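The whole structure should be built from the sequences, with the hints applied where relevant.
The lines below spell out each chain.
Number of protein chains: 2
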Amino acid sequence: MNTAVNTAVNTADETAQESAAGAAGKARTGAGLTAETLAERHRQTLDDAVAAVRSRAYWSAYPESPKAYGEDGAARGRAAFESLRGGRFRALADQPGTDGWPGGEESPYGFALEIGYPHPDPEVLLPAMRAASAGWRAAGPAVRALVCLEILARLNERTMEIAHAVMHTTGQAFGMAVQAGGPHAQDRGLEAVACAFAEQTRLPARAGWSKPQGRRGALELHKEFVPVPRGIALLIGCNTFPTWNGYPGLFASLATGNPVLVKPHPRAVLPLALTVAAARETLAEAGFDPNLVALAAELPGEGLAKELALRPEVRIIDYTGSSAFGEWLERHAVQARVYTEKSGVNTVVIDSTGDYQGMLANLAFSLSLYSGQMCTTPQNLLIPRGGITTDAGPKSYEEVVADLAAAMRKLLADDARAGALLGAVVGPGVLERVAGAPALGEVALASRAVAHPEFPGATVRTPVLLKLDAAAPEAEEAYHRECFGPVAFAVAVDSAEHAVALLRRTIAEQGAMTVGGYTTSPEVERQLVEACLAECAHLSLNLTGGVYVNQTAAFSDLHGSGGNPAANAAYTDAAFVADRFRFVEIRRPA
Amino acid sequence: MNTAVNTAVNTADETAQESAAGAAGKARTGAGLTAETLAERHRQTLDDAVAAVRSRAYWSAYPESPKAYGEDGAARGRAAFESLRGGRFRALADQPGTDGWPGGEESPYGFALEIGYPHPDPEVLLPAMRAASAGWRAAGPAVRALVCLEILARLNERTMEIAHAVMHTTGQAFGMAVQAGGPHAQDRGLEAVACAFAEQTRLPARAGWSKPQGRRGALELHKEFVPVPRGIALLIGCNTFPTWNGYPGLFASLATGNPVLVKPHPRAVLPLALTVAAARETLAEAGFDPNLVALAAELPGEGLAKELALRPEVRIIDYTGSSAFGEWLERHAVQARVYTEKSGVNTVVIDSTGDYQGMLANLAFSLSLYSGQMCTTPQNLLIPRGGITTDAGPKSYEEVVADLAAAMRKLLADDARAGALLGAVVGPGVLERVAGAPALGEVALASRAVAHPEFPGATVRTPVLLKLDAAAPEAEEAYHRECFGPVAFAVAVDSAEHAVALLRRTIAEQGAMTVGGYTTSPEVERQLVEACLAECAHLSLNLTGGVYVNQTAAFSDLHGSGGNPAANAAYTDAAFVADRFRFVEIRRPA
Numbered sequence: 001m002n003t004a005v006n007t008a009v010n011t012a013d014e015t016a017q018e019s020a021a022g023a024a025g026k027a028r029t030g031a032g033l034t035a036e037t038l039a040e041r042h043r044q045t046l047d048d049a050v051a052a053v054r055s056r057a058y059w060s061a062y063p064e065s066p067k068a069y070g071e072d073g074a075a076r077g078r079a080a081f082e083s084l085r086g087g088r089f090r091a092l093a094d095q096p097g098t099d100g101w102p103g104g105e106e107s108p109y110g111f112a113l114e115i116g117y118p119h120p121d122p123e124v125l126l127p128a129m130r131a132a133s134a135g136w137r138a139a140g141p142a143v144r145a146l147v148c149l150e151i152l153a154r155l156n157e158r159t160m161e162i163a164h165a166v167m168h169t170t171g172q173a174f175g176m177a178v179q180a181g182g183p184h185a186q187d188r189g190l191e192a193v194a195c196a197f198a199e200q201t202r203l204p205a206r207a208g209w210s211k212p213q214g215r216r217g218a219l220e221l222h223k224e225f226v227p228v229p230r231g232i233a234l235l236i237g238c239n240t241f242p243t244w245n246g247y248p249g250l251f252a253s254l255a256t257g258n259p260v261l262v263k264p265h266p267r268a269v270l271p272l273a274l275t276v277a278a279a280r281e282t283l284a285e286a287g288f289d290p291n292l293v294a295l296a297a298e299l300p301g302e303g304l305a306k307e308l309a310l311r312p313e314v315r316i317i318d319y320t321g322s323s324a325f326g327e328w329l330e331r332h333a334v335q336a337r338v339y340t341e342k343s344g345v346n347t348v349v350i351d352s353t354g355d356y357q358g359m360l361a362n363l364a365f366s367l368s369l370y371s372g373q374m375c376t377t378p379q380n381l382l383i384p385r386g387g388i389t390t391d392a393g394p395k396s397y398e399e400v401v402a403d404l405a406a407a408m409r410k411l412l413a414d415d416a417r418a419g420a421l422l423g424a425v426v427g428p429g430v431l432e433r434v435a436g437a438p439a440l441g442e443v444a445l446a447s448r449a450v451a452h453p454e455f456p457g458a459t460v461r462t463p464v465l466l467k468l469d470a471a472a473p474e475a476e477e478a479y480h481r482e483c484f485g486p487v488a489f490a491v492a493v494d495s496a497e498h499a500v501a502l503l504r505r506t507i508a509e510q511g512a513m514t515v516g517g518y519t520t521s522p523e524v525e526r527q528l529v530e531a532c533l534a535e536c537a538h539l540s541l542n543l544t545g546g547v548y549v550n551q552t553a554a555f556s557d558l559h560g561s562g563g564n565p566a567a568n569a570a571y572t573d574a575a576f577v578a579d580r581f582r583f584v585e586i587r588r589p590a
Numbered sequence: 001m002n003t004a005v006n007t008a009v010n011t012a013d014e015t016a017q018e019s020a021a022g023a024a025g026k027a028r029t030g031a032g033l034t035a036e037t038l039a040e041r042h043r044q045t046l047d048d049a050v051a052a053v054r055s056r057a058y059w060s061a062y063p064e065s066p067k068a069y070g071e072d073g074a075a076r077g078r079a080a081f082e083s084l085r086g087g088r089f090r091a092l093a094d095q096p097g098t099d100g101w102p103g104g105e106e107s108p109y110g111f112a113l114e115i116g117y118p119h120p121d122p123e124v125l126l127p128a129m130r131a132a133s134a135g136w137r138a139a140g141p142a143v144r145a146l147v148c149l150e151i152l153a154r155l156n157e158r159t160m161e162i163a164h165a166v167m168h169t170t171g172q173a174f175g176m177a178v179q180a181g182g183p184h185a186q187d188r189g190l191e192a193v194a195c196a197f198a199e200q201t202r203l204p205a206r207a208g209w210s211k212p213q214g215r216r217g218a219l220e221l222h223k224e225f226v227p228v229p230r231g232i233a234l235l236i237g238c239n240t241f242p243t244w245n246g247y248p249g250l251f252a253s254l255a256t257g258n259p260v261l262v263k264p265h266p267r268a269v270l271p272l273a274l275t276v277a278a279a280r281e282t283l284a285e286a287g288f289d290p291n292l293v294a295l296a297a298e299l300p301g302e303g304l305a306k307e308l309a310l311r312p313e314v315r316i317i318d319y320t321g322s323s324a325f326g327e328w329l330e331r332h333a334v335q336a337r338v339y340t341e342k343s344g345v346n347t348v349v350i351d352s353t354g355d356y357q358g359m360l361a362n363l364a365f366s367l368s369l370y371s372g373q374m375c376t377t378p379q380n381l382l383i384p385r386g387g388i389t390t391d392a393g394p395k396s397y398e399e400v401v402a403d404l405a406a407a408m409r410k411l412l413a414d415d416a417r418a419g420a421l422l423g424a425v426v427g428p429g430v431l432e433r434v435a436g437a438p439a440l441g442e443v444a445l446a447s448r449a450v451a452h453p454e455f456p457g458a459t460v461r462t463p464v465l466l467k468l469d470a471a472a473p474e475a476e477e478a479y480h481r482e483c484f485g486p487v488a489f490a491v492a493v494d495s496a497e498h499a500v501a502l503l504r505r506t507i508a509e510q511g512a513m514t515v516g517g518y519t520t521s522p523e524v525e526r527q528l529v530e531a532c533l534a535e536c537a538h539l540s541l542n543l544t545g546g547v548y549v550n551q552t553a554a555f556s557d558l559h560g561s562g563g564n565p566a567a568n569a570a571y572t573d574a575a576f577v578a579d580r581f582r583f584v585e586i587r588r589p590a
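Heads up: the sequence lines are chains A and B, in that order. If you read the first sequence in the UniProt record's numbering, its first letter stands for residue 1, the second for the next number, and so on. If you read the second sequence in the UniProt record's numbering, its first letter stands for residue 1, the second for the next number, and so on.
Worth flagging that the hints you see were computed from the coordinates, not collected in a lab. Predicted model, so just to flag it, every value in this text is computed and none were measured. Honestly, I wouldn't trust all of these hints.
List time: in silico SDA-like cross-link candidates among lysine to any residue, alpha-carbon distance up to 20 Å [said to hold, decoys possible]:
id	chain 1	residue 1	chain 2	residue 2
1	B	211	A	547
2	A	211	B	58
3	A	306	B	331
4	A	211	B	306
5	A	211	B	50
6	B	67	A	214
7	B	211	A	451
8	A	67	B	214
9	B	211	A	66
10	B	211	A	48
11	B	67	A	215
12	A	211	B	331
13	B	211	A	59
14	A	211	B	48
15	A	211	B	215
16	B	211	A	45
17	B	211	A	330
18	B	67	A	59
19	A	306	A	330
20	A	306	B	332
21	A	67	B	215
22	A	211	B	332
23	B	306	A	331
What follows is the structure, given as structure tokens:
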């Protein structure tokens, strides 16, 4: 382990915090990545992030334009990605307790990655991670936050390499992989660090307490409040957004003092392996034990997540994936605080609009982006059977569906443009659902295979749009469950009121990450708002421009409400961070 | 339901919050307890409480001196208490779904209360509580907080009546019942309201978001963030401190918008029945549905808590009691967020002291207060076999134990004084443990029965102090588990280091609400601090005056760390309130 400094801080509160920690642990000094250096580089960013989280105004720390990463950034990133292929992921060779190097990732663009990653012996790795904990706890919240920001800065520098890793594990188009896999994920990580820092410094590090006792003089105590971690945190990664969905939990746990074991989805290991390597390298340079962050790749069919989730050392779990396994975790990993993002059924209620073309374009884009493989993509479009009113005159249900299908067809007409929007199909399950979709309803828009200009082996499909009538007995079986991937249902309903009732039932029973609504009626808007407040789901109203229902922005939008079956947590609110650590109080006579 | 106003608020943020809620629900107007009245009465108290929670300095809203409650306050309180005896608790006659009136409380002072309380049909009561929810949600966090403060003010007015109810259900001495059952409990409730209010207003009610898009102009959205409740909260009360341990969960849940169902311990119903009645009365006067708070008394042997805890409508549970049932709740009530205070084994490490007499007096008081029936009372005193250093010269293990026994004997020599400190034994389990204690070790101080001057049927016992040597194989079986009640173990250990090692193991395996330490050695102090940070337990060092390890003060001290087996939550930190509600975001084009 390298030597370094982790004592300098620059506010009175944090100095006291350090001192409290120092009384129990030890202050480090030496060369390497010093606390002064870290504060110079990142203190302003941390303060700005804390302020942004409070104001919810637009703010971002990491540029989303690919240009910001250099003219040959994409090429250099690709070269770095290629150099990793065909061997062990050597940057993690120093992880203790590695007893195998499983791999097996297949790019949705049609080739095998052929990279092996460390498989852990938990009896060796988990004790090493626990042993790493005391020094990290003693560093205090400010130093922990600054080290996390340095990790994020190094991830940002490697955005283009990570983008290729994201693209070839998730199937995201390169442009999306750059943004969602890079700066947007980094922003979500920074947001978690900011929230964790704010939460750990909400109590003063030290306080005087003086209780009057009349003539007897006051009772006087000196008190310290020290944030301490819960234990090892387990991050269970997902296939579609390994960094974007992974960073909030990873950085929230690490910033609150917990070691983090990262168990990636077996089809999307590389983006998180690069992340773990950057974290370990930074921690070591700052004088901390790199085993505070480790990777746990799994053998085929091993069920490693289940095994790790029940270990008594694991006290926090972050999970993104299927509802079945998320619910299993919530029921069985009772020794841990479990944060889940599971699946849901997202609904858009279409009642009326003052911008028909804008609505169609917005919906067409939302349904097409990343082939509908986002947890936030709309699935059910509820449209009154008698049609809707628009700025372009009344439109029948049939017209709305036909016009939406036409908008999607137009948006995806050109193969190159379609590929850049759709990306590739992430796995065989999605492909099966696309193939089986025509049996579920009347096809308004059929899926077609798109040829990728660069990767002939890529599996690219346009979305299917199906027509259903809510009055038909068999319709509910199709739309009242999640059909993950590029399959959307245009469901004819009796009225706006019927749509709202269906929306409420869908959220309550299936969960929802997002709800969309189009209406010019104050009464329907009121009903939509009331439904979303009562069932606890986020609502986007009348989006007709360049903001889409399936996109949320760090520092401003909450992702998931935590109050319906789709997720029990939100990125990133106080509840997401406040229980990842506890305060210990030490009191002495003054 | 009465009419009233719940719209007025007095900061910009909250006005916006109201407005957001009003868009979905409805603003009420009319007579009764208006929001303006509530704000006039309580806004300053709320703001002061929020400030106190942040500063952790001494602060209290409710006077703890009995004099503050009138010269004849005690007598009037007793008369009010007596008038409730021998019949149904009529103030709750209007609760829906009541299908029986079970009772059966026996005062530890030797008489039956003979009061019957409503037993619910959950199929009727729970839907009525859910139906009450929407209006309370729409009121917004400020009005909810002010209504909670009005409830607390009315409870404060009835402090003396509640004190008699607490005394004759818990066995607390009257003086303690006044303070701990009245103002101290009310302070803990207010603290929870302040934390809940602060948490719900951490996000702005409204925010503008403008993302630059270069030449294309900015993307602009208007966003609202509305706190919404989780669902019905279940409070499972305890026998010893029904109000002090009950108010934090009750008020945290209610202030965050959740209806609260109170299931008291069958031996301590009256204090919570009075509380529920005050809450219902206040809610109705303020124009809200009184079914937001209800009482659920149980039939003998019914196991009502288990039944209610698994109801899908119940989304929050607060529990104080045995570890066995607390762990059952944590394992089985997975549909709910479960906050538990269970049992633990509290340790005091005695290494050395600069005030030997002060230490002995402090410990004697701590062990005697309420017959050791506090979750925070020390159980194990770890003393080096070779003795300790003190300002009065070196003291052998034998001398320390003998001197402590003498201090306790002296403190409790006078029956009247002893009774006022000890209170009565809360139940048969405690009495059995006192009777069985001499078999567990060498008796340094025997328990004696104390005659109560006023209540000849009162069961009052002084504490037992037992000597054990940690080296003896059978000793661990005695001290390494909870022995709730007036039984303490003076355990001879090898050294301070051995004591710290035992302390760590005890916290890790048995949990601890409190840890005490006496030392003049910086090295031993460092070890104690490190042990408590590593195992997550609150530490009180060198208390020799009028502050005791088993007492915590609202707004400053945390009660429970939430990070060891004794409790999974603390009164009251952000983690205790942040997940009782969720934010729903509503966004629209600006």
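Structure-inconsistent hints, enumerated in ascending order: 4, 7, 12, 15, 17, 18, 22
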